[in-house]
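Asker: For the record, the sequence lines run as chains A and B. Anchor point for the first sequence: position 246 equals 246 in this note's numbering, and the numbering is continuous, going up by one each time. Anchor point for the second sequence: position 143 equals 143 in this note's numbering, and the numbering is continuous, going up by one each time.
Don't take every hint at face value.
[Claimed, not checked] So the derived list for chain B, only partly shown, Cβ under 8 Å to chain A, looks like this:
#, residue
1, Arg32
2, Gln36
3, Asp44
4, Leu45
5, Asp48
6, Leu107
7, Asn108
8, Phe143
9, Val166
Please keep in mind that the hints were generated in silico from the structure rather than gathered at the bench. Even for Gly, the Cβ is constructed at its ideal location relative to N, Cα and C.
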Amino acid sequence: MNDPVNNRSPKTWAIGGGKGGVGKSVIAANIAVALAESGQRVVILDADLGGANAHTLFGMAGPKLGLSDVFAKRVDHLDAVRVETPVDGLSLISGARALLEMANPKFAQKTKILRQVMALDADHVILDIGAGSAFNILDFFLSAHRGILVVVPEPTSIENAYHFLRAAFYRFLKHTEPREVVREVVQSVSSDLENRGIRSPKDLIDAVGRESSQAGDALRRQAQKFKPGVIVNRVRTPDQKRLGEQIGLACRDYFGTDIEVLGSIDEDLLVSQSVLQRRPILKSFPASPFGRGIRSIVDRLGQLEGF
Amino acid sequence: MGVRLRPGDLEWLGLEADATEADVIVACQRKRVLYQPDSLATYDLLSDEERAELLKTIDGILGRLGVSGGASAADVRVGSGAPPAAPEGPEPSRAERPGAYLRYHRLNRGVPVGAIAADTKIPEQRLRDLENEAAGDLPAPVFVRGFVTSMARFLELDDPEGLAVVYLDVVMQRNPER
Numbered sequence: 001m002n003d004p005v006n007n008r009s010p011k012t013w014a015i016g017g018g019k020g021g022v023g024k025s026v027i028a029a030n031i032a033v034a035l036a037e038s039g040q041r042v043v044i045l046d047a048d049l050g051g052a053n054a055h056t057l058f059g060m061a062g063p064k065l066g067l068s069d070v071f072a073k074r075v076d077h078l079d080a081v082r083v084e085t086p087v088d089g090l091s092l093i094s095g096a097r098a099l100l101e102m103a104n105p106k107f108a109q110k111t112k113i114l115r116q117v118m119a120l121d122a123d124h125v126i127l128d129i130g131a132g133s134a135f136n137i138l139d140f141f142l143s144a145h146r147g148i149l150v151v152v153p154e155p156t157s158i159e160n161a162y163h164f165l166r167a168a169f170y171r172f173l174k175h176t177e178p179r180e181v182v183r184e185v186v187q188s189v190s191s192d193l194e195n196r197g198i199r200s201p202k203d204l205i206d207a208v209g210r211e212s213s214q215a216g217d218a219l220r221r222q223a224q225k226f227k228p229g230v231i232v233n234r235v236r237t238p239d240q241k242r243l244g245e246q247i248g249l250a251c252r253d254y255f256g257t258d259i260e261v262l263g264s265i266d267e268d269l270l271v272s273q274s275v276l277q278r279r280p281i282l283k284s285f286p287a288s289p290f291g292r293g294i295r296s297i298v299d300r301l302g303q304l305e306g307f
Numbered sequence: 001m002g003v004r005l006r007p008g009d010l011e012w013l014g015l016e017a018d019a020t021e022a023d024v025i026v027a028c029q030r031k032r033v034l035y036q037p038d039s040l041a042t043y044d045l046l047s048d049e050e051r052a053e054l055l056k057t058i059d060g061i062l063g064r065l066g067v068s069g070g071a072s073a074a075d076v077r078v079g080s081g082a083p084p085a086a087p088e089g090p091e092p093s094r095a096e097r098p099g100a101y102l103r104y105h106r107l108n109r110g111v112p113v114g115a116i117a118a119d120t121k122i123p124e125q126r127l128r129d130l131e132n133e134a135a136g137d138l139p140a141p142v143f144v145r146g147f148v149t150s151m152a153r154f155l156e157l158d159d160p161e162g163l164a165v166v167y168l169d170v171v172m173q174r175n176p177e178r
């Protein structure tokens with residue numbers, strides 16, 4: 001959704017889940033490993049303030065300095081809190097020891113962090129952004145080159161995923177120019193949703209278009225840029241394998257935009273084994289179903305993004 | 001077909017103007033699976049009322065094609081018939097029962113044999129023989145390879161050519177002709 005600032009800026013991938021416990025941290029860590037194994041220079045940034053555990057997945061003790069120190073201005077730059085992991089080419093910026101107040105950073109701090117992320121000396125930055133749909137999480141998601149949502153085939157995960165996507169979509173549309181014109185029409189249309197038969201974001205955009213073709217066209221152009229990736233984790237049946245594709249169809253009808261189905265990963269008991277061993281599964285069980293799923297997803301990303 | 005469908009139908013299904021009847025039926029089935037009440041992919045996204053409306057739209061399109069969404073099969077020129085029942089039992093092994101595997105996935109997608117016949121131009125009976133692994137009734141391997149590949153591609157299965165090789169090996173018990 002955002003292009004790197006210049007050729008030397010890293011590609012940034014924000015991995016979110018809406019719901020906790022879907023496996024996004026393990027997926028984020030192993031995508032980072034797969035990229036590093038292919039020769040890319042990678043940073044994994046654990047932005048899950050309040051639940052940071054990327055370091056544990058690599059068998060590292062909680063680093064002395066982390067993201068929270070940059071937020072608290074004890075350290076000036078992300079580079080100063082970057083530590084090497086046991087995986088060649090992969091370094092980590094930890095979110096550990098973050099205090100609760102860091103979970104709601106001020107706008108200026110957030111902007112500073114995002115600017116520094118774009119300037120990190122790496123090919124890829126994987127942002128593990130945590131669960132939920134609070135504004136700071138949405139902003140990390142939207143600031144990335146591509147936001148990636150992880151879901152599992154359970155109603156609670158699907159429910160949270162749509163909640164997240166809706167929140168992210170509306171927040172993304174807030175940037176549509178010309179802002180004053182668009183805001184005015186959206187507000188006028190939103191005051192009367194039921195009578196206008198508006199039940200989805202797509203309906204809203206269509207209704208805005210009927211009031212003002214300028215605002216409608218602008219919103220549609222902006223909406224087309226919203227293209228999060230989706231990964232379906234913990235697949236157990238052939239039907240569940242197609243969940244990503246189905247969510248894509250639903251999003252086309254509901255949001256009027258396409259998502260990018262990056263792939264699915266089979267349920268794999270070796271994941272918890274590797275977590276217990278505190279090694280990324282791509283290192284401990286590279287031929288496992290999970291490992292193969294991750295590699296396939298990274299291949300797909302490579303195809304889409306040309307690396 | 002364009003005469004029977006309404007102007008917005010193809011667009012609603014996400015199809016291009018050159019879509020075949022089979023494309024329309026498959027797209028309708030996909031949407032039905034997506035919007036039926038127990039669908040996981042749209043959990044909590046829609047109200048019961050919205051679902052009912054969407055399912056009505058789908059039935060409307062199928063009705064305009066002359067395909068009924070219910071149990072009774074309407075007589076359709078293309079011979080596509082009513083959507084078949086869902087498969088029973090677990091997914092058959094692709095490596096051991098490739099024909100049953102094809103049938104399972106066809107039923108899983110709710111596609112009548114006639115829809116595949118219309119799109120691939122493979123006669124319906126051949127497709128049934130393929131699914132039933134009736135080696136004695138199948139033509140020469142070179143044709144079987146093509147049929148299996150076409151059918152697997154239509155059903156969007158992984159590695160259609162690989163499946164064809166497996167099929168020749170297992171069902172025809174011959175080495176695939178190179």
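Asker: Just to be careful: measuring from the Cβ of B/Leu107 to every Cβ in chain A, is the smallest value less than 8 Å?
Answerer: violated (12 Å)
Asker: Taking the least C-beta to C-beta distance, is B/Phe143 closer than 8 Å to chain A?
Answerer: violated (28 Å)
Asker: Holds or violated: is there a CB of chain A closer than 8 Å to the CB of B/Leu45?
Answerer: holds (5 Å)
Asker: Let me know if the C-beta of B/Asp44 comes in closer than 8 Å to any C-beta of chain A, holds or violated.
Answerer: Result: holds, 4 Å to nearest chain A Cβ.
Asker: Should the hint that B/Arg32 touches chain A count as held when the rule is a Cβ pair under 8 Å?
Answerer: Hint on B/Arg32: violated, closest Cβ of chain A at ~11 Å, above 8 Å.
Asker: Does B/Asp48 hold up as a contact with chain A if the rule is Cβ-Cβ below 8 Å?
Answerer: violated (13 Å)
Asker: B/Val166 was flagged as interface toward chain A. Is the shortest Cβ-Cβ separation under 8 Å?
Answerer: For B/Val166, the interface hint is violated, since the closest Cβ of chain A sits about 17 Å away, which is over 8 Å.
Asker: Grab the minimum C-beta distance from B/Asn108 to chain A and call the hint holds if it beats 8 Å, violated otherwise.
Answerer: holds (7 Å)
Asker: Under 8 Å, Cβ to Cβ, is where B/Gln36 needs to be relative to chain A, so tell me if that hint holds or is violated.
Answerer: The hint is violated - B/Gln36 has no Cβ within 8 Å of chain A, the shortest such distance being about 11 Å.
Hints 1, 2, 5, 6, 8 and 9 from the list above are not met by this structure, while the remaining hints are.
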